[in-house]
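S.K.: Starting from the structure of chain A, add chains B, C, D, E and F with the ligands where the hints point.
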Amino acid sequence: MKDLLKVSGLTMLGASLFASLPAWAQDAATTTTEAATEAAAEAAPAVADVMDKGDVAWMMISTVLVLFMILPGLALFYGGLVRTKNMLSLLMQSTVITALVIVIYVLWGYSMAFGDAPSAYWGGLGKAFLSGVTYESMAATFTAGVVIPEFVFISFQMTFACITAVLIVGAFAERIKFGALLVFIALWVTIVYFPVAHMVWDSDGLIYGWGALDFAGGTVVHINAGIAALVGCILVGKRVGYGKDNMAPHSMTLTMVGASMLWVGWFGFNAGSNLEANGGAGLAMINTFTATAGAVLVWVVLEMMLRGKASMLGAVSGMVTGLVAVTPAAGFAGPVGAIVLGGVASAAAYFFVSSVKHKLNYDDSLDVFGIHGVAGIIGAIGTAVVNDPSMGGIHYGGNAMGAQIWIQIKGVAITIVWCGIASLVLYKIVDMIMGLRVKEDAEREGLDLTSHGERAYNM
Amino acid sequence: MKDLLKVSGLTMLGASLFASLPAWAQDAATTTTEAATEAAAEAAPAVADVMDKGDVAWMMISTVLVLFMILPGLALFYGGLVRTKNMLSLLMQSTVITALVIVIYVLWGYSMAFGDAPSAYWGGLGKAFLSGVTYESMAATFTAGVVIPEFVFISFQMTFACITAVLIVGAFAERIKFGALLVFIALWVTIVYFPVAHMVWDSDGLIYGWGALDFAGGTVVHINAGIAALVGCILVGKRVGYGKDNMAPHSMTLTMVGASMLWVGWFGFNAGSNLEANGGAGLAMINTFTATAGAVLVWVVLEMMLRGKASMLGAVSGMVTGLVAVTPAAGFAGPVGAIVLGGVASAAAYFFVSSVKHKLNYDDSLDVFGIHGVAGIIGAIGTAVVNDPSMGGIHYGGNAMGAQIWIQIKGVAITIVWCGIASLVLYKIVDMIMGLRVKEDAEREGLDLTSHGERAYNM
Amino acid sequence: MKDLLKVSGLTMLGASLFASLPAWAQDAATTTTEAATEAAAEAAPAVADVMDKGDVAWMMISTVLVLFMILPGLALFYGGLVRTKNMLSLLMQSTVITALVIVIYVLWGYSMAFGDAPSAYWGGLGKAFLSGVTYESMAATFTAGVVIPEFVFISFQMTFACITAVLIVGAFAERIKFGALLVFIALWVTIVYFPVAHMVWDSDGLIYGWGALDFAGGTVVHINAGIAALVGCILVGKRVGYGKDNMAPHSMTLTMVGASMLWVGWFGFNAGSNLEANGGAGLAMINTFTATAGAVLVWVVLEMMLRGKASMLGAVSGMVTGLVAVTPAAGFAGPVGAIVLGGVASAAAYFFVSSVKHKLNYDDSLDVFGIHGVAGIIGAIGTAVVNDPSMGGIHYGGNAMGAQIWIQIKGVAITIVWCGIASLVLYKIVDMIMGLRVKEDAEREGLDLTSHGERAYNM
Amino acid sequence: MKLIIAAIKPFKLEEVREALTTIGVRGMMVTEIKGFGSQSGHTEIYRGAEYAVNFVPKVRLEIVVSDSLADAVVETIRTTAKTDKIGDGKIFVLDVQHAVRVRTGEINDDAL
Amino acid sequence: MKLIIAAIKPFKLEEVREALTTIGVRGMMVTEIKGFGSQSGHTEIYRGAEYAVNFVPKVRLEIVVSDSLADAVVETIRTTAKTDKIGDGKIFVLDVQHAVRVRTGEINDDAL
Amino acid sequence: MKLIIAAIKPFKLEEVREALTTIGVRGMMVTEIKGFGSQSGHTEIYRGAEYAVNFVPKVRLEIVVSDSLADAVVETIRTTAKTDKIGDGKIFVLDVQHAVRVRTGEINDDAL
Ligand SMILES: Nc1ncnc2c1ncn2[C@@H]1O[C@H](COP(=O)(O)OP(=O)(O)O)[C@@H](O)[C@H]1O
Ligand SMILES: Nc1ncnc2c1ncn2[C@@H]1O[C@H](COP(=O)(O)OP(=O)(O)O)[C@@H](O)[C@H]1O
Ligand SMILES: Nc1ncnc2c1ncn2[C@@H]1O[C@H](COP(=O)(O)OP(=O)(O)O)[C@@H](O)[C@H]1O
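Protein chains in written order, with our numbering: chain A, 47 to 505; chain B, 47 to 505; chain C, 47 to 505; chain D, 394 to 505; chain E, 394 to 505; chain F, 394 to 505.
By construction, these hints were calculated from the structure, which means they are not laboratory data.
Any given hint could be a false lead.
[As the list claims (entries may be wrong)] Taking lysine to aspartate or glutamate pairs in the DMTMM-like style, the calculated list, with each CA pair at most 25 Å apart, reads: (1) F:K475 x A:E491; (2) E:K478 x F:D503; (3) D:K405 x E:E455; (4) B:K290 x D:E411; (5) F:K395 x D:D460; (6) E:K427 x A:D477; (7) D:K478 x D:E455; (8) F:K475 x D:E499; (9) D:K427 x E:E411; (10) A:K485 x F:E407; (11) D:K478 x B:E486; (12) B:K403 x A:E491; (13) D:K405 x D:D477; (14) D:K405 x B:E489; (15) D:K475 x D:E499; (16) E:K427 x F:E443; (17) F:K405 x A:E489; (18) F:K475 x A:D487; (19) F:K475 x D:D503; (20) E:K395 x D:D460; (21) E:K478 x F:E468; (22) E:K427 x A:D409; (23) C:K290 x C:E489; (24) E:K405 x E:D477.
Chain A on its own, in the form it takes in the complex:
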């Protein structure tokens, strides 16, 4: 327990974690030369790696929490926002995409993202089908010599891929073709998500070394999903009746429940990204409280001032905005800085979805871009600000604020460009082959009956 109080729990985009990931404790024979070298370079070989069961317990429950964010969390958050006739379609999309991405992750996703290949763009297929991974395999954490079971690390990472994919569907909710969506997602995680994860998080990755800060995946998860969502909803086109029919959420109750579950689960997402149960995780935890609280209050106050009434949809929008914004900053900001970050992101997203979006005149049904994209970008760049000691941050990485802001902007930009172009191509391909959108009649009748043969409620 000697390292108990050492600095830990902090990370850098693409930092040492994944470089030393394949540092097997027992099963050295299965590690590749590259991995062995990396491990040797980073963890003094004389020190035996130790697994602390407290870390394992924390990472397992964190993994469960991220699943909880998706099912039922995100499914309900999204489902409550659509009209009754499309409720099940959102629940189905969330459920089946999660299942699909889990299977893909095991078959080739993990290998592509975190495999041993020395490429700058992907991890290769050496770990496809999780070959070589056993219950004795260990993955490194951010503290040298501290490891966790690789199966736990894989499970945790897998849930991130799932939630990113599910986030996208909110943009073209109420009109997407179910089968086409599944094909698109299978392609998208393969062509966009795994490579981006590799480029950003693996020591061999292209973006590795830029020194951008991203504690829990604001870029890979939220900006990625936000951009894919934006491109998607523009391509798919507006809903029939958009701007004319009343498309009010069919159950703000369920949306609030889903948002609450997102908050609850997000502690696994953010504090779990610390990979260890220590003070660093505690910092990520309290920031996940305070940034979110600040964002809720700002949205509520803005609505009270500008419209005279604070709405539930406003409060939960603020909530998600704060959570997204603090994701990259969770382990770097101080608790008060996090309040400010959440508040600023909330104000920006409020302004965007209630005004800018309408001028741009596209139909992002559930504001995936307006919330996740906008707050993701504010959060990514704002991380450089709140990380600064002047804002109470821990000054991770040690760069001056201005320099760090520039690094963050570059990281955001490359993600937007890569994800934007690749998503566009994939949507186009799927659209040509099978069509992305259901028939107008089916859209009118609702996807629940026409795509799934059921109704959400038979009261």
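M.R.: What follows is chains B, C, D, E and F with the ligands alone, placed relative to chain A:
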């Protein structure tokens, strides 16, 4: 932390855990001679037992997760599937049965299942009222010398008894008499569940030593519940209007929420059954992801192919099927083998509930047997297959696949016979004394108003 | 791991924890003189403080569980009980109060409750804005030399402040003015909650040294909230149509879901209050099962006997009653004693809300006083009984039962008086400045539309 | 033409619909309503607060038919919806002056 | 006989039902409807998207009574449902030709 | 006065309401109903159990207007609700004898 990376987290039906359970660390005076001998035999007395707080944290949260599976998980999964007028009856049954079994478990259940009596059929009443158990009492895990607080072990086991009992009620939903159900459950856990748990899990138990593999209780929980359900719904008879009235689920939304909560909680059930937070738990965790995902996809694809549309009820049915099937195999299979196991169980259950069941012409309202029974049996036998190294399993126990299959079949058979006969007798007794079924008028009006004097919704 | 089996996990109202709280492990320079002295007095300076990651994992998940109790737990429990037209108002109040109290807690709440000032009434403002707290700061537990990260301790305590504030709103549900409520809560936590927490829990506190037993905050949380609720609903007045209109719960389903989530989360509340993952937490856990189960059964049986039917609202009322009652006793009672405690509290609350309350003729919409107040008081006093070895308790503190009962009564009395008077004054002030109650027309139309501009359901 | 309005017990809906189809009815409107009549409601108790629920759930049918079919419709509903228990429902017949089918513009008997 | 259809404010339902019982009405059908009239609806805003909700919730009563009772029913509803605010509602009276009680087969005034 | 009852497709409601406002209709009652007609329902399958759902969701309008406006109302509904697909709906016209505005006590045409 020397044993940190040792093989651990694996278990055998009735293996060493319960043999060494009463190996008190401090309070040797309270252990019986038998227990002391066993403890001496299995844990070198020279090595002091250690409790790792990481294990304690994991087992406590696992216990909470299993409660979450029942309340609100299973209650919602079941409740959503019935008609509005019977919603509360399902919620009530789940709630009150849980409360009832908790009290019974403390009073005599734990003792009957895990007490010190040297009988092959029960644990005796020596630990009735948890006598002798204090917060210093420790229970053994699967790793020699590693212990957890006995109160935590009791709590964890208690939730298994609760969920098994609640699972049964789906079979005769919408027509059972509330009071009679409670009496039946009190008798059933006493006469069926505790003895079966003892026979299967205790070192003195009848079935102990057969060498059957059951990681997290597929046999004791799912087959047991499935059989009791089947017998029950046949005896109680079909619902009024069965096959004629529209009995569509009143809220597929809530059913999906409940199913998601089952998945989330099942990580406590499966990975918690490892009793330690280590790589073995990690394996159980990832399999609980992959088998479930595989099962969801198979059911969805089958429906798409055979009916043109994938339904939400199909997706969640697949989900539960996969979870049930992987329960006995969670710590033995490889992640890809688990996908296959989940997929096969899903296809079998699909075939059963959409075709076989209708030919057999009984009314198992919520397909407790069709899902839990069928997938439980497939899972129990399939465990022998996916445990095999040829399927990527860890080859626990070391038997050839054929031999292991035979052992598994024997284990399943004895459970079916014992549970089937005992359940039948108990239903008959309760039926004679107080009647199992409500009056036809009450059934028409719905159990919410007639049994509980309330309505689920006053919108 | 030498102290593994030592007595631990037990606490006394205002006991050693908070005295030694500022015992920084590394960062001694930031501790005040007072704190340093206290730390020196209580933890042998020669022993280095150790942080066990198992404790950290447990405290982090416990914190998450308490948030889950509020959002969505308590929000749904309360929301389901009101009429459709007021659903969102309850969800909003829960959400925004939580956000508000989080921000206040970080800004001045933590400092007022647990700061370093040597006052008997508050902790001063030395830790306002969490100044001086870093991710390396550690807080003491109940075991000398065992520490947890202070950010985790703050987060955990913060959720207690939030839930206490949200509990109050049930009393004047369906008629309170949203803005006025927020102002009241901001004042109330500042003037009532933080000082009471300090007086009760800090070693310098006024009530410190009385030797009252309160394991997880029955007094500070439940009695405090219950009294503030009672005063509030009397001042605000009855709902329009009270006693005439049908005010049946709009969704008993959601109320049951919320109650279940309360139970699930309460393990974080109670077993988390142990601050360590050990046998003491295990005892708190099993009691949180058994007391609740006993309370559910007693309420259900009473309704069956007195009204012929057991209702869902009865079962969940019993559930919450049991949880409240066991809160102060969780780590002291034996599992059977806890059943009795839960049962007695359930019977008392049943009697109160179904009979006494109607005679007193006030409108506590959701029976905050009838459930939390009454069961809180029974639990606080009953703790002295079930702690006694004659009842299977661990006899913490060592007082004779009679003497301990007297101490408990004094603790309850002072809380009632202080909270009652201060709440009254604060309500009056807010009422004078902005009015506590909405217009009659707005109340008729429902707060969702008139205060928040939305409807909960658009089915 | 006649408009026949009937309040019946909800679980009888399917049976009545089928019976009416047999005698040649080709359309109807169905509404879920709360019925008040001699069939008494019930009392609900919430933590000791009693609420008398005076309404019972009923289903209301509206069928427009040609004059010649009207009697048969009334008779069919009466015999099919009957359970001989209180609350079986009522049937009312009103005159309709004009009917139009939206899709085709056909009027009166042709519109039904 | 007359069919009296009334649209009233939902919170007046219980009061109106009681008043009608007093003057001898023994049955009615109650439907929750969306009313459109001079009482304006409201605007809902969802993340900046405004929806005008033109309908206000109303309750619709249908009561069939003997000709002799009709005027008293209209008058009772009018006075009881009145709040003097816009949106109080309307009452319409139609002729009913025939009434049947399903349970007994009684017809016309006896069926009510 | 006339009572015009129309069953239309739900998504046409807003359009019809607007069109009616244009020609001078100042109030109506709207009910969500289950329609049965030549438009067939659909089949739902739950774990292999098939349920034929014979009803399709419709919206039912009730509008009381002066005799002079009745024809225009019927015509407006017919043209606006029309999609030329089966299930577009029906319009029925009945005689109303008396109308009262609750708030003011105005009667007949003045009450509308
Ligand atoms: N005068 C009436 N006007 C309109 N509807 C009525 C009238 N009387 C009864 N109903 C409807 O018929 C239903 C059954 O009537 P009820 O008096 O309860 O039983 P029964 O028809 O067996 O005498 C009521 O619930 C109500 O919906
Ligand atoms: N011409 C009409 N035909 C049918 N129902 C009407 C008509 N006019 C009004 N109503 C009903 O009466 C309700 C009240 O009418 P409204 O014009 O808003 O207020 P007021 O009755 O005070 O003038 C409306 O919501 C609607 O349900
Ligand atoms: N005879 C009828 N009486 C009352 N309502 C009818 C009648 N026939 C049809 N309707 C209503 O009109 C709707 C449309 O009728 P339908 O026969 O399906 O199509 P279409 O009007 O195109 O011929 C039905 O759903 C039903 O609500």
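S.K.: Now tell me, hint by hint, if it's right for this structure.
M.R.: Hints, one by one, checked against the model:
no. : hint            : verdict
1   : F:K475 x A:E491 : holds (16 Å)
2   : E:K478 x F:D503 : holds (17 Å)
3   : D:K405 x E:E455 : holds (21 Å)
4   : B:K290 x D:E411 : holds (12 Å)
5   : F:K395 x D:D460 : holds (20 Å)
6   : E:K427 x A:D477 : violated (41 Å)
7   : D:K478 x D:E455 : holds (23 Å)
8   : F:K475 x D:E499 : holds (13 Å)
9   : D:K427 x E:E411 : holds (15 Å)
10  : A:K485 x F:E407 : holds (22 Å)
11  : D:K478 x B:E486 : holds (14 Å)
12  : B:K403 x A:E491 : violated (32 Å)
13  : D:K405 x D:D477 : holds (13 Å)
14  : D:K405 x B:E489 : holds (14 Å)
15  : D:K475 x D:E499 : violated (35 Å)
16  : E:K427 x F:E443 : violated (33 Å)
17  : F:K405 x A:E489 : holds (14 Å)
18  : F:K475 x A:D487 : holds (15 Å)
19  : F:K475 x D:D503 : holds (17 Å)
20  : E:K395 x D:D460 : holds (20 Å)
21  : E:K478 x F:E468 : violated (33 Å)
22  : E:K427 x A:D409 : violated (29 Å)
23  : C:K290 x C:E489 : holds (15 Å)
24  : E:K405 x E:D477 : holds (13 Å)
Figure legend: structure checked against the earlier numbered hints; hints not met, in rising order: 6, 12, 15, 16, 21, 22.
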